[in-house]
Structures are given as C-alpha cells and as structure tokens.
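J.: Residue strings, one per chain:
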Amino acid sequence: EPEVTQTPSHQVTQMGQEVILRCVPISNHLYFYWYRQILGQKVEFLVSFYNNEISEKSEIFDDQFSVERPDGSNFTLKIRSTKLEDSAMYFCASRDRGPGNTEAFFGQGTRLTVV
Amino acid sequence: AQKVTQAQTEISVVEKEDVTLDCVYETRDTTYYLFWYKQPPSGELVFLIRRNSFDEQNEISGRYSWNFQKSTSSFNFTITASQVVDSAVYFCALSVRGSNYKLTFGKGTLLTVNP
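Going line by line, the protein sequences match chains V and W.
Oh and the first sequence: position 19 is 19 in the numbering used here, straight run, nothing missing.
Oh and the second sequence: position 83 is 83 in the numbering used here, straight run, nothing missing.
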C-alpha cells in the first residue's frame, strides 16, 4: 500500500541551526501539507502546497519556515534558524485530487529536538 | 473558521469497559468532513474514520462505533469492550473544501485502558 515517508524520524539540532525535514508523498498525490505537534498538545496546521506554490499558511508559518518541492518526489520543510520552541513532531501529509479525495494521508512524523 | 472541541482531556477505564470519546465541532460550511485519528505512544497518526456532513448514518467497525449528530454538531466515538492496546491519544478533526481540506484538530483525549 502506498504511504507517505518522512526522514529523518528524529533530528536533534542546536538552536540557530537550519534544518530540513523531508517527505516523500504518495506518488500521484497533488496536495501536500505540513502539520506540527508540540509535545502533549494538539496537531496544528502549518502550510498547504499545491501546483508548486503555497495555497495556505497559518500564523505559525512565519519567515523562518519555507517549503519546497525540489523534484517530482520530495516535499521539504526548512526551518532557517531553529528556536527552542520549534521542538515538536512534524507531520507531512498528501492528498489526491478529485472531489471524493478529501482524506490526507500522514507520514509517521519527524521528531525535532532543538537544544 | 473551523473549531473542534474535545472536552475530555483524559479518560481512564478498566479493560472490557465501554468508553465514549466526545467531539463537538463548529463550522459555517454546509459541506464538511469529520475524522478520528489514533495516536499511540509511538507518535504516528493512525486514521480511523472519515464521515461526510451529508451522511449521518452511524458506523460500526468491530469494537469501534461512531455517532454523528448534526443537530448537536457532535461526532462521538465509542470503543466497546476496551482493551489495553486501545490506550492512546485520540484526535477528532474537521476539514472543509474552502480551506484546501486542511485539518483542524481538537486537543485530543488521552485514553488509558488498565488491565
């Protein structure tokens, strides 16, 4: 069964460093999302991406964040200068197009720890 | 804007008890989609069910059942004869077409099933 794959599963980085979280969405999907979950809290929407551009972003998604689809398979989230409060689980999701395809499929998440 | 409320922060039951997790949602859209996800201690999000706003039929899947009531804007989840493996955080979520089907999550309910 096709699945969304995220790498790495766990990343530890020093405050101020740049990190890139990688995702390989399901191959025929066209809509991509990043969500964040701070430990013990709810899952929050960060950004949605379609047709090589951001379609919507939340207030969390400030200038420190960027997303890219550098090739036909990867979808990345970059945090330019990490802060302690960026420590969280980051989930990538993808969705197929079509009126019946309302469900997004999630990757297993990347746990980011900023020290 | 969409909102999902899960008033129960934590629930603790003894194995074989039935347990109901509550979910109340708010949206002005007439077409929307409701979801339940399970998050075990390993951290991934496991999709359980999707329900369309125009389909108010309740659903049963094994020990799981869902009660969707538009009149009270609720989408409650019942586990019958709970098992220790059901211990997890359960999230209710909502999406609408106008927001690229991004998910708005509730804060989650931590269910602990004790042997």
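Calculated from the structure, these hints are not laboratory results.
Where hints are given, some of them may not hold.
Claimed, not checked - Straight-line distance between alpha carbons at most 25 Å, and here's what the computed SDA-like set of lysine to any residue pairs gives:
| hint | chain 1 | residue 1 | chain 2 | residue 2 |
| --- | --- | --- | --- | --- |
| 1 | V | Lys-57 | W | Asn-100 |
| 2 | V | Lys-83 | W | Asn-114 |
| 3 | W | Lys-16 | W | Val-96 |
| 4 | V | Lys-42 | W | Thr-31 |
| 5 | W | Lys-3 | V | Arg-80 |
| 6 | W | Lys-16 | W | Ser-87 |
| 7 | V | Lys-57 | V | Arg-80 |
| 8 | V | Lys-57 | W | Ile-11 |
| 9 | V | Lys-83 | W | Asp-29 |
| 10 | V | Lys-57 | W | Lys-107 |
| 11 | W | Lys-107 | V | Arg-80 |
| 12 | W | Lys-3 | W | Asp-29 |
| 13 | W | Lys-38 | V | Arg-80 |
| 14 | W | Lys-38 | W | Asn-114 |
| 15 | W | Lys-38 | V | Arg-111 |
| 16 | V | Lys-57 | V | Glu-103 |
| 17 | W | Lys-38 | V | Phe-105 |
| 18 | W | Lys-16 | W | Ser-53 |
| 19 | W | Lys-38 | V | Gly-100 |
| 20 | V | Lys-42 | W | Glu-44 |
| 21 | V | Lys-57 | W | Glu-44 |
| 22 | W | Lys-3 | V | Lys-83 |
| 23 | V | Lys-42 | W | Ile-11 |
| 24 | V | Lys-83 | W | Glu-44 |
| 25 | W | Lys-38 | V | Asp-96 |
| 26 | W | Lys-16 | W | Asn-100 |
| 27 | W | Lys-3 | W | Ser-65 |
| 28 | V | Lys-57 | W | Asn-114 |
| 29 | W | Lys-107 | V | Ser-73 |
As the list claims (entries may be wrong) - Not everything, but these chain V residues come out facing chain W in the computed CB check (under 8 Å):
| hint | residue |
| --- | --- |
| 30 | His-29 |
| 31 | Tyr-31 |
| 32 | Ile-38 |
| 33 | Val-43 |
| 34 | Phe-61 |
| 35 | Asp-63 |
| 36 | Gln-64 |
| 37 | Phe-65 |
| 38 | Arg-69 |
| 39 | Pro-70 |
| 40 | Arg-80 |
Glycine residues also receive a C-beta, built at the ideal position from the N, C-alpha and C atoms.
J.: Indicate, hint by hint, whether the structure satisfies it.
T.: The hints, checked one at a time:
Straight-line distance between C-alpha atoms of Lys-57 (chain V) and Asn-100 (chain W) comes to about 11 Å, which keeps the hinted pair within the 25 Å bound. Under the criterion of a C-alpha separation no larger than 25 Å, the hint pairing Lys-83 (chain V) with Asn-114 (chain W) is inconsistent with the structure, at around 38 Å. With a C-alpha separation of about 36 Å, the suggested pair Lys-16 (chain W) and Val-96 (chain W) falls outside the 25 Å cut-off, and the hint is violated. Under the criterion of a C-alpha separation no larger than 25 Å, the hint pairing Lys-42 (chain V) with Thr-31 (chain W) is consistent with the structure, at around 24 Å.
Taken as a hint, the Lys-3 (chain W) and Arg-80 (chain V) pair is broken in the structure, with Cα atoms around 30 Å apart against an allowance of 25 Å. Annotation: proposed proximity of Lys-16 (chain W) to Ser-87 (chain W) holds, straight-line Cα distance about 12 Å (limit 25 Å). Distance check on the hinted pair: Lys-57 (chain V) and Arg-80 (chain V) sit about 17 Å apart at the alpha-carbon level, within 25 Å; holds. For the proposed pair Lys-57 (chain V) and Ile-11 (chain W), the alpha carbon gap of about 33 Å is over 25 Å, so the pair is violated.
For the hint linking Lys-83 (chain V) to Asp-29 (chain W), the alpha-carbon distance of about 36 Å lies beyond 25 Å, and the restraint is violated. Taking the CA atoms of Lys-57 (chain V) and Lys-107 (chain W), the gap is about 20 Å. The hint holds against a cut of 25 Å. At most 25 Å may separate the alpha-carbon atoms for a hinted pair to count; Lys-107 (chain W) and Arg-80 (chain V) exceed this at roughly 28 Å. Pair hint Lys-3 (chain W) plus Asp-29 (chain W) holds up; C-alpha atoms about 12 Å apart against a cutoff of 25 Å.
Taking the CA atoms of Lys-38 (chain W) and Arg-80 (chain V), the gap is about 31 Å. The hint is violated against a cut of 25 Å. Between Lys-38 (chain W) and Asn-114 (chain W), the direct Cα distance comes to roughly 18 Å. Compliance with the 25 Å bound is thereby established for this hinted pair. With a C-alpha separation of about 18 Å, the suggested pair Lys-38 (chain W) and Arg-111 (chain V) falls inside the 25 Å cut-off, and the hint holds. With a C-alpha separation of about 19 Å, the suggested pairing of Lys-57 (chain V) with Glu-103 (chain V) holds against the 25 Å cut-off.
Proposed proximity of Lys-38 (chain W) and Phe-105 (chain V) is supported: the alpha carbons are some 13 Å apart, at most 25 Å. Using a Cα cut-off of 25 Å, the hinted pair Lys-16 (chain W) and Ser-53 (chain W) is violated, with the two alpha carbons roughly 31 Å apart. A C-alpha spacing of about 23 Å is found between Lys-38 (chain W) and Gly-100 (chain V), which places the hinted pair at or below 25 Å, so the restraint holds. A distance of roughly 13 Å separates the Cα atoms of Lys-42 (chain V) and Glu-44 (chain W); the hinted pair therefore holds under the 25 Å criterion.
Note on Lys-57 (chain V) and Glu-44 (chain W): the hinted pairing holds, with a Cα-Cα distance of about 23 Å set against a maximum of 25 Å. Restraint check for Lys-3 (chain W) and Lys-83 (chain V): not satisfied, since their Cα atoms lie roughly 28 Å apart, outside the 25 Å limit. Distance restraint check for Lys-42 (chain V) and Ile-11 (chain W): the Cα-Cα separation of roughly 17 Å lies within the 25 Å cut-off, and the hinted pair is therefore satisfied. A C-alpha spacing of about 24 Å is found between Lys-83 (chain V) and Glu-44 (chain W), which places the hinted pair at or below 25 Å, so the restraint holds.
Our distance criterion of 25 Å between C-alpha atoms is met by Lys-38 (chain W) and Asp-96 (chain V), whose separation comes to about 22 Å. A hinted pair counts as satisfied when its Cα atoms are at most 25 Å apart, and Lys-16 (chain W) with Asn-100 (chain W) does not qualify at roughly 40 Å. A distance of roughly 22 Å separates the Cα atoms of Lys-3 (chain W) and Ser-65 (chain W); the hinted pair therefore holds under the 25 Å criterion. Taking the CA atoms of Lys-57 (chain V) and Asn-114 (chain W), the gap is about 40 Å. The hint is violated against a cut of 25 Å.
A hinted pair counts as satisfied when its Cα atoms are at most 25 Å apart, and Lys-107 (chain W) with Ser-73 (chain V) does not qualify at roughly 32 Å. Annotation: interface hint on His-29 (chain V) violated; nearest CB of chain W at approximately 12 Å, more than 8 Å. For Tyr-31 (chain V), the interface hint holds, the least distance from its beta-carbon to any beta-carbon of chain W being 7 Å, beneath 8 Å. Restraint check, Ile-38 (chain V) versus chain W: the minimum CB separation of about 12 Å is more than 8 Å; hint violated.
Given the 8 Å rule on beta carbons, the hint for Val-43 (chain V) holds: about 4 Å separates it from the nearest Cβ of chain W. Here the hint on Phe-61 (chain V) is broken, as its CB sits about 12 Å from the closest CB of chain W, past 8 Å. Taking 8 Å as the C-beta contact cut-off toward chain W, the hint placing Asp-63 (chain V) at the interface is violated, the least distance being around 20 Å. This hint is violated: Gln-64 (chain V) has a C-beta 20 Å from the nearest C-beta of chain W, more than the 8 Å allowed.
Taking 8 Å as the C-beta contact cut-off toward chain W, the hint placing Phe-65 (chain V) at the interface is violated, the least distance being around 16 Å. Below 8 Å, beta-carbon pairs count as interface contacts, and Arg-69 (chain V) has none with chain W, the closest being about 16 Å; its hint is therefore violated. With its C-beta approaching chain W no nearer than about 21 Å, Pro-70 (chain V) sits outside the 8 Å limit, and its interface hint is violated. With a cut of 8 Å, the hint placing Arg-80 (chain V) at the interface with chain W is violated, because the nearest CB-to-CB distance is about 23 Å.
Consistency with the previously given hints fails for numbers 2, 3, 5, 8, 9, 11, 13, 18, 22, 26, 28, 29, 30, 32, 34, 35, 36, 37, 38, 39, 40, ordered from lowest to highest.
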